[in-house]
Amino acid sequence: MTEPAATDRGTIPGPAPAGPDPAADSPAGRAGGPARVHPVRRRDPVPLGAGLLIAVIGCLVLVIMDGSYLGLTVTTGVGYAIVTVGMVLQLGYSRQLAFSQSVFMGVGAYGTGVLETKYNFSSVESLLAVIALSAVAALLVGAVVTRAPGLALALATLILPLFIYQLATFSSWLGSFSGIDGVAPFWTGSDYTATLVQTGIVSVVLLGLAAGIVLRVMRSGIGLQLMAMADDERLGESIGVSLRQRRLEVFVLGSVLAAVGGAVLASVQGIVTPDVLSETSEITLLLMVFVAGRKSVTGVIVGAIVIEYLTTSTSFISTNLGIIEGIALLVILLVEPDGVAGAIDRLLGRRTDRWAASARSWSAARLGTRGHAAGGGNGAGNAA
Amino acid sequence: MSEFLNLLAAGLTSGAIYGIFGACLAVWFRVCNVLNLAVGDFAMFGAIGSAWLVQTAGLPFVVGIIVVLAGVGLTAWLFDWLVLRTAFDRGAGAHGIVGVFFYTFGLSLVLEGVARAMFGTDVYGAPSIWSGPALHVLDFHVQRAGVLVIGLAIVSGLILWAYLRFTVSGRAASACGESVLGSRIVGIDSAKFRRRIFIMTAVLAALFGIVESPITGYTYMSGPTLSLIGVVAAGFAAFRRPGRAVTAGLVIGVVEAMLGGYVSTSYNDVLLYAILFAIIIFRPEVLGLGPEPA
Chain W
1 MTEPAATDRG TIPGPAPAGP DPAADSPAGR AGGPARVHPV RRRDPVPLGA GLLIAVIGCL
61 VLVIMDGSYL GLTVTTGVGY AIVTVGMVLQ LGYSRQLAFS QSVFMGVGAY GTGVLETKYN
121 FSSVESLLAV IALSAVAALL VGAVVTRAPG LALALATLIL PLFIYQLATF SSWLGSFSGI
181 DGVAPFWTGS DYTATLVQTG IVSVVLLGLA AGIVLRVMRS GIGLQLMAMA DDERLGESIG
241 VSLRQRRLEV FVLGSVLAAV GGAVLASVQG IVTPDVLSET SEITLLLMVF VAGRKSVTGV
301 IVGAIVIEYL TTSTSFISTN LGIIEGIALL VILLVEPDGV AGAIDRLLGR RTDRWAASAR
361 SWSAARLGTR GHAAGGGNGA GNAA
Chain H
1001 MSEFLNLLAA GLTSGAIYGI FGACLAVWFR VCNVLNLAVG DFAMFGAIGS AWLVQTAGLP
1061 FVVGIIVVLA GVGLTAWLFD WLVLRTAFDR GAGAHGIVGV FFYTFGLSLV LEGVARAMFG
1121 TDVYGAPSIW SGPALHVLDF HVQRAGVLVI GLAIVSGLIL WAYLRFTVSG RAASACGESV
1181 LGSRIVGIDS AKFRRRIFIM TAVLAALFGI VESPITGYTY MSGPTLSLIG VVAAGFAAFR
1241 RPGRAVTAGL VIGVVEAMLG GYVSTSYNDV LLYAILFAII IFRPEVLGLG PEPA
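Those protein sequences? They're chains W and H, same order as listed.
Going letter by letter, the first sequence gives residues 1 to 384 in my numbering.
Going letter by letter, the second sequence gives residues 1001 to 1294 in my numbering.
Warning: the hint list may mix true and false statements.
[To be verified] Label-pair distances were calculated between CB atoms; the ranges are:
# : chain 1 : residue 1 : chain 2 : residue 2 : range
1 : W       : Val306    : H       : Gly1132   : 38 to 46 Å
2 : H       : Arg1165   : W       : Leu70     : 41 to 49 Å
3 : H       : Arg1165   : W       : Trp173    : 47 to 55 Å
4 : H       : Gln1055   : W       : Val56     : 43 to 51 Å
5 : W       : Val56     : H       : Leu1181   : 47 to 55 Å
No wet-lab data here; the hints were simulated from the structure.
Virtual Cβ for every residue (Gly too), placed ideally from N, Cα, C.
Please model the complete structure; the sequences and the hints are all you need to start from.
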């Protein structure tokens, strides 16, 4: 699931076939532009299949673990994984330099806690409400912060966790330093073990859904637009990509997934504390993404669960986790910037940078089409 | 009036902390376009290391300071030799926006982990360089360590500003940040400037940690917060102007203290960060970063 190749779909031009050319009568064809454009494939089974596979494997693993401590760790890791899947799209794929994921994770966690303990919402109701609330919040915040260029966006989103964390620690309504206790699990069973397994199953289904959505976006024409933007914003703009709109969409989707991850964490742990909003939380998320592979959905899911396991284990590793994570990060940045997933892809001969080549060829095709033909439409958008 | 002056003193002291880290970040970013997110961890090592050497190992204070500063300088040189040289001089590894943030972020994690392994989770404070009761001038009360902190920040900011503005070496260092290729073509060794200024800012941060730690105390986890505060101050100086970063830090500190004194002691940081956030979003030109050229 690492950036699948897209050269056989979308609007990327291929070699002209023998025989009559159906594109010859098109405006582009008449103007002497690229003679042939591949038809758009509107049905892409990969995202749905991948989402289902993740959900099924996750359910099986949790059932086998049968409510053990390891099962609790994996379920907590699944909560983080939902956040990191969104970060693949935001940081890895679109290179949107936003560090606000811990804030929205907090929105999800605190939203669930407040709605369940103060307003007697059920788990499902609170989850749906949190999704709607975080979408609106992300839209409002994103409309403002995505106006900021490059480093200013990074700076603005670095400040966000600082003051939201302070706000949570001093707000008695949010439980101050001790947070909110008594958050109900997603699916209450007959005993603790059954509750943990059932809540874990709901969590992995949400993870499968999140992965499916993100993969769908990545494999669509919008995904190609995002890659073009990430590669060179001016290039993206010159081929008709609405930078502001795409930035906002990516910000909202990443933030909503972070909120869903926060809701999962609250539901699994039964308590929400300000720690979820702290910069330490953001650092942990960044490590999960960059060490595992910032462009790989599978990589970050495995990375989130493994790092969560290492964090909570009581061995030598957990004591010296900072040193290990730091050295691992440095080695990965120097040797394989696409993380462990990128290294595995390299070993298997599936280099991820062919996606960049795909984006470049797609952009070149768009430029060529626009240069030769009047108009040009929004093929990539249609492909989505 | 008395309350205002004392709030001003407190604000200048905390502002000096923001400013000095901002200056350290800005001067190095100006040379190589990389943010030093480990600058707070160098300060932490300076503070905890000197306290440990003096209080636990029994070394004289001056010797402890020299040993710690030498150790921090050596660590910075080693990091440059092992990581930055490989990444930026040999062209290996991640570049672009990942390189801007994550090499020094990795170093920060390593330093934090090493500090935890070496010194544990206790709070440390180095002995005060200028011990004695707080100074009183009319209604103005300020701790001696606070005076040193403010003085060190202002002097460092002035020296860095003058170095970059008035010396040939400083202009050569700035040229490296503008264009590595261009600076190399005219014979400037960009790697040398990157290495020297990285080591210099690491040692300066460690010295600042030693001077400041009697006021706040340090744990192995103090570094990232200080670095983050430095990033904010440096951000208000376009990440490139150390003198302006010190000024920005002092202003931020004073505003924070005034908000705490006159508005809310609990929510002063919340209000401060909200104001900074609003400035970044609605008046990005204040940062000097501005909109990206079309």
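Now for the hints, and whether the structure bears them out:
no.	hint	result
1	W:Val306 / H:Gly1132: 38 to 46 Å	violated (53 Å)
2	H:Arg1165 / W:Leu70: 41 to 49 Å	violated (59 Å)
3	H:Arg1165 / W:Trp173: 47 to 55 Å	holds (51 Å)
4	H:Gln1055 / W:Val56: 43 to 51 Å	violated (58 Å)
5	W:Val56 / H:Leu1181: 47 to 55 Å	holds (52 Å)
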